[in-house]
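Trainee: One-letter residues, chain by chain:
There are 4 protein chains.
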Amino acid sequence: MIRFNNDYNRGAHPAVLEALAQTNSESYGGYGIDPWCEKAAEEIRKYLDCPEAAVHFLVGGTQANFTVISAALRPYQSVISADTGHIHVHETGAVEHCGHKIHALPSRDGKITAAQIAAEAEKYCTSGVQEHITQPKLVYLSFTTEYGTLYSRQELEEISDVCRKYGMYLFIDGARLGYGLGSCMADVTLKDIARVSDAFYCGGTKCGALFGEAVVLTNPELQDHFRSHIKQNGGMLAKGWLLGLQFYVLFKDGLYFEITKKADEFAMQIKKAFEEKEIPFYIESFTNQQFVVLENSQMEKLAQKYVFEFEERLDDNHSCVRFCTSWSTTQEEIDALTADIRGLK
Amino acid sequence: MIRFNNDYNRGAHPAVLEALAQTNSESYGGYGIDPWCEKAAEEIRKYLDCPEAAVHFLVGGTQANFTVISAALRPYQSVISADTGHIHVHETGAVEHCGHKIHALPSRDGKITAAQIAAEAEKYCTSGVQEHITQPKLVYLSFTTEYGTLYSRQELEEISDVCRKYGMYLFIDGARLGYGLGSCMADVTLKDIARVSDAFYCGGTKCGALFGEAVVLTNPELQDHFRSHIKQNGGMLAKGWLLGLQFYVLFKDGLYFEITKKADEFAMQIKKAFEEKEIPFYIESFTNQQFVVLENSQMEKLAQKYVFEFEERLDDNHSCVRFCTSWSTTQEEIDALTADIRGLK
Amino acid sequence: MIRFNNDYNRGAHPAVLEALAQTNSESYGGYGIDPWCEKAAEEIRKYLDCPEAAVHFLVGGTQANFTVISAALRPYQSVISADTGHIHVHETGAVEHCGHKIHALPSRDGKITAAQIAAEAEKYCTSGVQEHITQPKLVYLSFTTEYGTLYSRQELEEISDVCRKYGMYLFIDGARLGYGLGSCMADVTLKDIARVSDAFYCGGTKCGALFGEAVVLTNPELQDHFRSHIKQNGGMLAKGWLLGLQFYVLFKDGLYFEITKKADEFAMQIKKAFEEKEIPFYIESFTNQQFVVLENSQMEKLAQKYVFEFEERLDDNHSCVRFCTSWSTTQEEIDALTADIRGLK
Amino acid sequence: MIRFNNDYNRGAHPAVLEALAQTNSESYGGYGIDPWCEKAAEEIRKYLDCPEAAVHFLVGGTQANFTVISAALRPYQSVISADTGHIHVHETGAVEHCGHKIHALPSRDGKITAAQIAAEAEKYCTSGVQEHITQPKLVYLSFTTEYGTLYSRQELEEISDVCRKYGMYLFIDGARLGYGLGSCMADVTLKDIARVSDAFYCGGTKCGALFGEAVVLTNPELQDHFRSHIKQNGGMLAKGWLLGLQFYVLFKDGLYFEITKKADEFAMQIKKAFEEKEIPFYIESFTNQQFVVLENSQMEKLAQKYVFEFEERLDDNHSCVRFCTSWSTTQEEIDALTADIRGLK
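Residue numbers (my numbering), protein chains in the order written: chain A, 1 to 345; chain B, 1 to 345; chain C, 1 to 345; chain D, 1 to 345.
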């Protein structure tokens, strides 16, 4: 079986693993106070235009999301998110567990608009009973979204403008940031991401690392005592250099961008195969996740050789499924899959 | 100015106040361990068919809501509510502050259906990733709803059946319970409320008391250490007998039901006046809250003599407003208002 | 039976009750936005030297404590308290429930010293692992303490200096503030309390009101969105004017100070009776709470006519018990008790 | 510089790293649903006498502690711990952040006794105001303790008996479990640990793994929806097999026990060197952590070649410091250190 079900089903990029092996018998200071974390932060900062950005390395995405969000908010403040946002639908209510309401704005393709956000913020501002409602203070976006779609630079700038107008933080979940930046349709760079947002993270888990998310806090307001928040929330790895080292390897010579771009290209080969077959997309994506609408017989046929993710039954005869490429996908795997797609009845 | 803006703008029913005055120099045990709380609980239980029901007296509605909900749930569990539910829209995120997500189901008139609830519960049951999502474990209804509408006995029974099928608790917010039971369109009694639900409360604040909500826990599972939950959440009044005494006076001879029924009848007089004038209702209600769509000029005219609640601007020329009667409304106030409604241009 | 067990076993001072009766049929705006709350705040501010102080009326003490504390702190911050402090021993862990650790400093008489506080703050400041420990950010004192003892003006100023030096807030629980200020041994005024602290409250529940605590936030940093915190924590009374009105009556002509001073004087009569009898004090107090060490036979004898609070069994033959006077205690009650004390064998 | 400052300053045991390398290009299911987690759980269960034990793999110790504790407790329940316990002193208040109070019992050597625990539990049981205090429901022990000391089998059995008598859970923090079991003074086995407790974990981070803690829930009451708790608290690793694989390698042939025992033996060589030099111990330990009282000059001398952990300044001329061995310590490192100890003036 070949797994296209997600982008976290294999270990780490060989260069990452090799670095871990080479340093395995070295000894380091604990809890992220070590040279590798420092060097990794420096490498990441090179891609930004924000020398004052604080970089912290956390283990996983859910952890990164609720740690940033709960550190940023006061108890009466809340989060604006697409109703498809990972924090709203797949994190076991971790944000609410930290005490904060999510304003889930309707979205079909995983994106929300500046206008939607402004309307929600305006509702609070013009409310006559502000103490009876929560104050939206942070906007959560995913880049790429959970459906593989992308915000354009203009969309991000508009959203950023709304956030600044209403005094809200913009936080970008970059679990799949590499795949977003690497897309043939992307018109934003890491510098743009840093410029428009107050906080974001570069996902490692899905983009070549064994695990790890590099949280970048560009807004100094969010930097205060952040290590205390990490520790209290269980996100401070004792052997923190394992995180720093991985990100150093991924960012030093741009490996992070190279391997995710390649995965996007592989995904485009899958996309093309489905298009040629006139199999419809549930949502059109130009990144490593492809959501297609398969007939039951097609689904069963492909399931004989491939693992892909079942999303939703659409009607008696059709379902939405996801095919996912990653930094570990090979041309051979793509060739096999695209041939089998073309061979579908 | 005559206030029709809400049902909590005056003190207490004279009988309640008199009882407070008469006992003012008596001394009692603290924190709800006193004869009045005991007697009040007994009086309330007479209306139920549930001798094992536990009755606790809390000060306010928001407090009652989050105390019951957070006592009932484990951290990974969540609440199903109408998106118009008070806990979702007017309690500053108190339920989320206690750590729990709300599944807000769409509703126009304040009500949700058994089918909606079942669909939401089913989503969890059939999910392949249960540990990534919260488990809906409690259904929150308001009776009357925030729009003055009523669930019928059949609707409540259907919802109750769904709750039992999926192992969920049914909790009924009865801040306006009296006005619900007293409506000319109601086909349920307090006995029905107790039978279909696992917990509910009889609102005092809006129904004749100075303050206070009588929480009734019919399901023994919810009774364990409930006083600890009350205390921890700041809801345990030192002079608890003040609550017990008020509810004793209200329930002993059915005063609670009598005064709220009267308020409903007053509301029907207002309703009739608007109907005669062909002023449309935002939502049709047969209880003490009347939501009408007024033209700007009508709104300005009435605002000269009456305080009513502005709800929402509907278009350039129309707004939704609420007129509210209560146990303290008088026939004279109604006569004045209905005459002025009839006199509108 | 005559109750000396606590200072909250009777209703309200007659003047308070009368005011409630006189305004009972008036109608007011909800949630503390009404003329009585405004006027009461003004009256209280007259006793301070702090025109910018914000005054909020909450229902009870536990609620006031955790609402102020959780509003003041960030998640990684903690509270310094005597290990006898009410928040540490009698509030069902409400502060921890809000997410904050309490540093419980050893105390025998309910008081802690500036030196103890400074040492605890210094521990954090000099720690090499700050992100692994919580930051003490608020000092909680009770005035009078849970043992009826008093801080002198000098002690309060020293503590205040330590707090300012280490950037910590000073919060004074004034559930029994009146009894503290009214003591023959007190050398502080309400003005001093306001000057040395960042927040405090004037207890109503134990000092003449039916219920209610007037929270005074002298430090503007603590004032932001405080009404949102109150509402979210269930402390916002719908009929807020009931609180404002009571405090207006109590503070307008100094009634608050007069009735608590009287109760202190009554307590001194009890104290004298025990002294004459050479019955030892568990802790010497010059306020309305008297803690004495009784022999079992003495305890049994007095228990035939009086309700008092059992505190602790000290040995096979002795126990610590509390006698409490209040605004509602009468000279007749005192005469009876002191006679019976003198008659003990 | 040779690091003796802690037991987490190097990567992983070579066998662990090799296993990671060998499986790096294999693909697996996510979130701990994979063959390695299953096999590792099986291997661990072989050491227990508890076939129904649930085994979950979390990333770190703080996370494991608060996840187990908050999953086990209801909001009004609390934890008993030594005042030296890791959860009380070095986890940034994570347990309180989850809403639970810690009863910190005095301890000099890191241990608490069955009698201390029983007394604390008894206080709750005999309290007349149970709803005003929290209910101690879980006892937290560390094995080895934070000072390297050990509970004997008899001590554990006595504590376990007290826990069962009072209906409390016993949870053992096994971050250094291997070093405890491997001590020449230990008289307990993993089977004993499982028998006396309701939950415990086998630390990986400090005992040969790159990271990871294997939480074992022997009491079925604690097993319900535990994966939901893990996910909500950010402890569910996407590539969960990385944890399973490491524990499989460590437990399959007893490597875990072998390498920690070796580290204990190394520590005994250090202990002997200090003893010969008549340098006093702060606390006597027979495990991998050695706490000694050094003169300033001795400390400075050793600090030229070795990194060790400064604990506490004892007086002008003496400090308590910690020397720590681990699975990665070599005989050469020990020889160098012991020679230098012997060479101290």
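Keep in mind that the hints were calculated from the coordinates and are not lab data. Owing to the predicted nature of the structure, the values given are computational and were not obtained by experimental measurement. Beta carbons: idealized from backbone N, C-alpha and C, even for Gly. It cannot be assumed that every hint is accurate.
Label pairs and their calculated CB-CB ranges [what the hints assert, rightly or not]: (1) D49/C to E284/B: 54 to 64 Å; (2) Q269/B to E26/C: 46 to 56 Å; (3) S127/A to E26/C: 19 to 29 Å; (4) N317/A to T126/B: 50 to 60 Å; (5) L314/A to G128/C: 55 to 65 Å; (6) V129/C to P35/D: 37 to 47 Å; (7) P106/D to A119/B: 47 to 57 Å; (8) E38/C to E278/B: 40 to 50 Å; (9) E258/B to F310/C: 53 to 63 Å; (10) Q223/C to E258/A: 29 to 39 Å; (11) E258/B to T330/C: 32 to 42 Å; (12) N296/D to Q223/A: 30 to 40 Å; (13) E309/B to E18/C: 50 to 60 Å; (14) P106/D to E284/C: 20 to 30 Å.
Trainee: Taking the hints in turn, state whether each one holds.
Mentor: Going down the list of hints, with the structure as the test:
no. : hint                         : verdict
1   : D49/C to E284/B: 54 to 64 Å  : holds (57 Å)
2   : Q269/B to E26/C: 46 to 56 Å  : violated (23 Å)
3   : S127/A to E26/C: 19 to 29 Å  : holds (27 Å)
4   : N317/A to T126/B: 50 to 60 Å : violated (19 Å)
5   : L314/A to G128/C: 55 to 65 Å : holds (58 Å)
6   : V129/C to P35/D: 37 to 47 Å  : holds (39 Å)
7   : P106/D to A119/B: 47 to 57 Å : holds (55 Å)
8   : E38/C to E278/B: 40 to 50 Å  : holds (42 Å)
9   : E258/B to F310/C: 53 to 63 Å : violated (44 Å)
10  : Q223/C to E258/A: 29 to 39 Å : violated (53 Å)
11  : E258/B to T330/C: 32 to 42 Å : holds (39 Å)
12  : N296/D to Q223/A: 30 to 40 Å : holds (37 Å)
13  : E309/B to E18/C: 50 to 60 Å  : violated (31 Å)
14  : P106/D to E284/C: 20 to 30 Å : holds (27 Å)
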